[in-house]
Amino acid sequence: MARIVYAGDGCTGCKRCIVACAHAHDGTFSLEAGRIWVVKEEPLTDHPVVCVQCVKPRCQEACPVGAIRRVDDLVLVDEGACIGCGACAEACPFGAIALHPSKGVAIKCDLCGGDPACVKFCPAGVLKLKEPAAVVQQKGARG
Amino acid sequence: MGQVLRVDLTKRKVLVERLPKELALNYLGGTGFAARILFDELEPGMNALGPENRLIFGTGPLTGTLWPTAGRWAVYAKSPLTDIWGESHCGGFFGTELKFAGYDMVIVQGRADDPVYLWIDDDEVQLLPAKDLWGRNTAETTDMIREALGDREIEVACIGQAGERLVRFACIMHNYQDAAGRTGMGAVMGSKRLKAVAVRGSRAVSVADDERFMELAEEAHRRVLEQPQAREMTKYGTPLLVAYKSEIGELPTRNHQTGIFGGAQKLQADTIRAKYFAKVRSCFGCCIMCKKVNRIQEGPYAGLISGGPEYEGIYSLGTNCGIDDFGAILKANQLCNLYGLDAISAGCVVAWLMECYERGLLSRQDCDGLEPTWGNHEVMVTLIEKIAKREGIGDVLAEGSYRAAQRLGKGEEYVMHVKKLEISGQDGRTHRSVALTHAISVRGADHLRSLVTVDQLGYEDTAAKRYGRDKLPEVCDPYSERYKALVVKDAEDTFAIRDSLIVCWYSCGWPPIFWMPDFAAVASAATGVEKFGKLEELYRIAQRICNLRRAFNVREGLDRRHDMLPKRFTHEPMPEGPGKGQVANLEIMLNEYYKLRGWSENGVPTKQTLDELGLSDVAEELKRLGRL
Ligand code: SF4
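Protein chains in written order, with the working numbering: chain A, 1 to 143; chain B, 1001 to 1628.
In isolation and in its complexed conformation, chain B is listed as follows (with noise of 0.2 Å):
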């Protein structure tokens, strides 16, 4: 164990490379190892789109193990989206099997010639022509593979269509419904000419105290079971989101400008639950089982079965276009599977385009002859086959709603985007503590970094048991600004621990379950290292990931300025709703997150922050480029 494996496609040369012990005691795992390799290998400014970009496929110490949802994997590289630090997550069973191969990671880098797929079959590795392929979905290019090698044990990584033709919000999708979906690491793939990644590992993984991790995997099993939440998961999934977020007035309606949607009843998880139901499915070992497949009976899109959508979906899709039916956020869903697209930013695009089409700044010419108005669920359909495909307004739309506006100089105010990322299906100003959480991201409007679910859900038991009895109720109080940098600061690095053990977001964030006492038990008994069970110490490893990665991006020209909210979240009050009237405060939270980050009121990590977190190298590279 122990091993990376390093695809040159330029030169068509795989190496397998020792993990460094270096980077296991300092850095953990998945994201943490990621950071170092790109701050290492990467010069800033370069283009996330040429050749020298690194894709990494990561795994973590608990992938492939009994722990409960230990089943994650994750890609990571510069995004070409956002210019910056790139990471997304998946889940499926791609990262056990590379585990199970003998691999804690792939890094891929250089540009093949012709494209081609990367086959992993325990030590024989090879690259694969892969003619055939490109131009094919993901659904069929899994297929296909499987069939060409003879195994259908053999899983799969690839990019659809809309990898191949560089839409900068492409993802690498895995078992036909997984999408490692956010920051464009699809067109990255694409880039390189690299269609899929197969792998199948026959070899087994074993932990450093079998007894103890066994005897923790079990309480934690067992845990996940009588947790209430997570049985609500099982049975409906992340939809269950919907009616709690129209209750609180917070689910994302037409490009945000409200927070109350009229046709929420129609996409609540009972009512999916009752009318589209089909089947329960799960990731690797895992026991929230929160995936479902739907079959739509009726209407339009009658006959149509598919996995999803996530509750992030029916936003996107959904609600954010002003679109109630459930049958067409499905259908649209499953092309963003099958394109290889990521169905939030994609979503937020269209969203975006309809609002400009409201307002009059474009015209039906200027989309294609289509009349993009609220709730046209054709149309939104269409506009996903435009983008994947990229024709006529759909190859703007295909470089992400930012770069959209500007190509069309118009509608810049209307992009609902932090650091040119689409904002995922959450509004700061009804819930303070995701204002900042959106506006720190490491990879810019995104609430899986540090998403703090005590304010949004009201969890005061677990508020006072993380943070203590004296922050209640300001804690758990979604409008006001007070704690809301501690426990997002808190979050981000719990998270950081998350990602790189790798395990899931359910069962941590929410429904909360696990955080960094059960990480650092479970870390050192299954890799021996004991540092990793004593708190402080997985704190420090979880704060130098997080200003690592924080460097990454001040290495690219970010600070204060980026760490911004569209204006409609801070100078736009909430029209209506349990919500009505608050706007987002952000400076007070931003100001109060870097004083407990020990970064300069610029936002930028200072020398004896890094110093201290032993990251003194970073320090002098960020003095070197004058970024210090």
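Bound conformation, chain A alone (with noise of 0.2 Å):
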């Protein structure tokens, strides 16, 4: 199943792609409500975060009320189930999971449904929708 990746280079941190997302999901424009991020670091570091969608998700196992399932290969929140406790959140070893700025509930990245919003928007072209084994062969980090 196809994740959003990010080949490691070309990023020039311009945090578009985390306005269009917040906007794919909550139709406002906003850096606080997107379900990606940017770090950036001076003088030469911008790098995209975002949920990996992992085999064994930490926030899965973490979430106490059981909000959080693996669906078709993608980890999903059920934001109706979700108490806002933020274990999650807490959890996630790259920091790929928040809680939404006014709702106050778990938000993660959800493939927008398969088209998503950051890969369409990144001005850059570096992020990608793709199968993870695709991109350790574009790497050439294996065979």
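Heads up, none of these hints are tricks.
Residues from chain B that face chain A, not an exhaustive set, calculated with beta carbons under 8 Å:
(1) R1203
(2) S1206
(3) D1210
(4) V1280
(5) C1283
(6) M1289
In short, the hints are calculated from the structure, not lab data.
Note that beta-carbon positions come from the ideal geometry of N, C-alpha and C, so glycine has one too.
Take each chain as given, in its own frame, and dock them per the hints.
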């Protein structure tokens, strides 16, 4: 199953993906309500961070009310069931899950139902929807 | 939404005001709002460094949205360098964050007893002591604030030591490499003892007609990504201009003595890309991504990694000082960013000093024992330090080249300025429209308020589309005065809207992608105000803004006499290159421009013009002061 991947080069740190993501989910523009983030460091680092859809999701394990489940290789939050405790956010090793600034519930990448806004709006064209295996190949890390 | 944060530093009071509806309807945003506020709240003749000056941080109706260049913001105040209208735009993320915190604008007035910084966390706004920050450079200040408040996503706009010491061309810095550079806004901030504004916004911004807006934003996104020159901008950034301008003989060299620079090749974009390029960076949400970080691997500046320089920095700190050492330019540019100096004015005052020294008007002793000869990059770098510290000759240069010449009683004829603002990297002799632009620009010798590129870069199709095919070929002829008043006025109107929305100069003036019709469509979709969607109405707003800014300057005593150019441009023919023998014939264009604007021959808006634009109160004020 494909997920959002970044091959490690070319992000300019513009944060357009974050706002596109927030807009795709909420219909409004925001940097806090995005489900993808950009880590910026001086002088040379810009790096997007987004859920990698773990096979054994720590967030799922941590959720006390079972609001997080894996469906078709996608890790999804049931916003109705979520109590907004933030245990998942603490458990995620990537910092890829957070609480929505106004709704208070956990939010994370759901691939926008298959046509992710972040990929569509990334001006540098460096965010891709791909199978992890394809990335490994692209980077030449293995065979 | 629609909130204004009013901060009185003297009384240590912070107030949230509602954005007046008439302001939004009649002035659109950013520059429009500031024009009305500065005209209403400032007294003519007041000291720009006095507590009564207002320092406005502005955003616009597109800020924070997915329009492709909507990460820009601006600062406005009366300028301590020019004593007239001050305005400076900046990229990065500060404006967006301010908008997400719920504010369209922050207006700062008064003066704090001790250094402070403003911390805006959505609704919670505080003035915090800046004792530890005072004396720190802009990068340290940014890092220390993020550390102290425990949040690395905080966006900071701050001054460095230059602003603290009231260097008249101090800038306001943001995000390490983004500057609200021109007209000394950092000195105004320093005079208020306001070290920084830190902001964090967790709110969302919405537009009136989301569906229509997103259609437009997606189309705009596509148009930028498909524009070949925009792609080049992503790869090379503004240094692209070095080669273009070299080719047409308009690369200002040695204090604008010529447009041909022997060392241009060393400073060209492809050279920089091959030897120094480290990374592409971008302002918020931008599809052009023009920012570059460069790295020096060898020579005296080896090990240096820094954002920039832009074309204007290469011009001012490089070619204009006869310097072709890229490492030195990057170093000086970084120092400007750290100390918080406008890199254009900083380079230009050094160039002026060099010309005075080379002509024997100033001695080595006058220059603290330094030898500011053309191309002496060590001295250039040293002088930048001295200016920021106001040390020795640096203290004189920190006043700007106009005042420096007066103070020393020397070299006045070599000050390349208009209205006391050091001239940007163009030359009106070989690019006629820019002669008019420099002369009439509301903030002084500036290109960004009305630069026309169709005659400089030969965009015939764009010119035909914007102004009609019948204006060709003259409109694209860089050596002809014909139609230049028309196109400069149109650019000035368009850019008044651009600067009110607020979006970037790139994708508007150059490369030529968006123009008034695009702005009309997106302004009405974003705000739901139908009249913004009508071209005529939008032009009316633009003219209102231009006239009001002009009235601000007229009130300060300006008129035709100040719409001048340095003698070098009007009386010293370009000595070499493709434009050899050219001079700027300003008067013809000026007459035409005033007529198109509905101003008197003396360059003052007439009562009729002001009345027609709904500015009767402004007409009355000018009359009361005997300026009409
Ligand atoms: S074109 Fe450059 S300056 Fe303009 S918004 Fe984009 S990155 Fe910023």
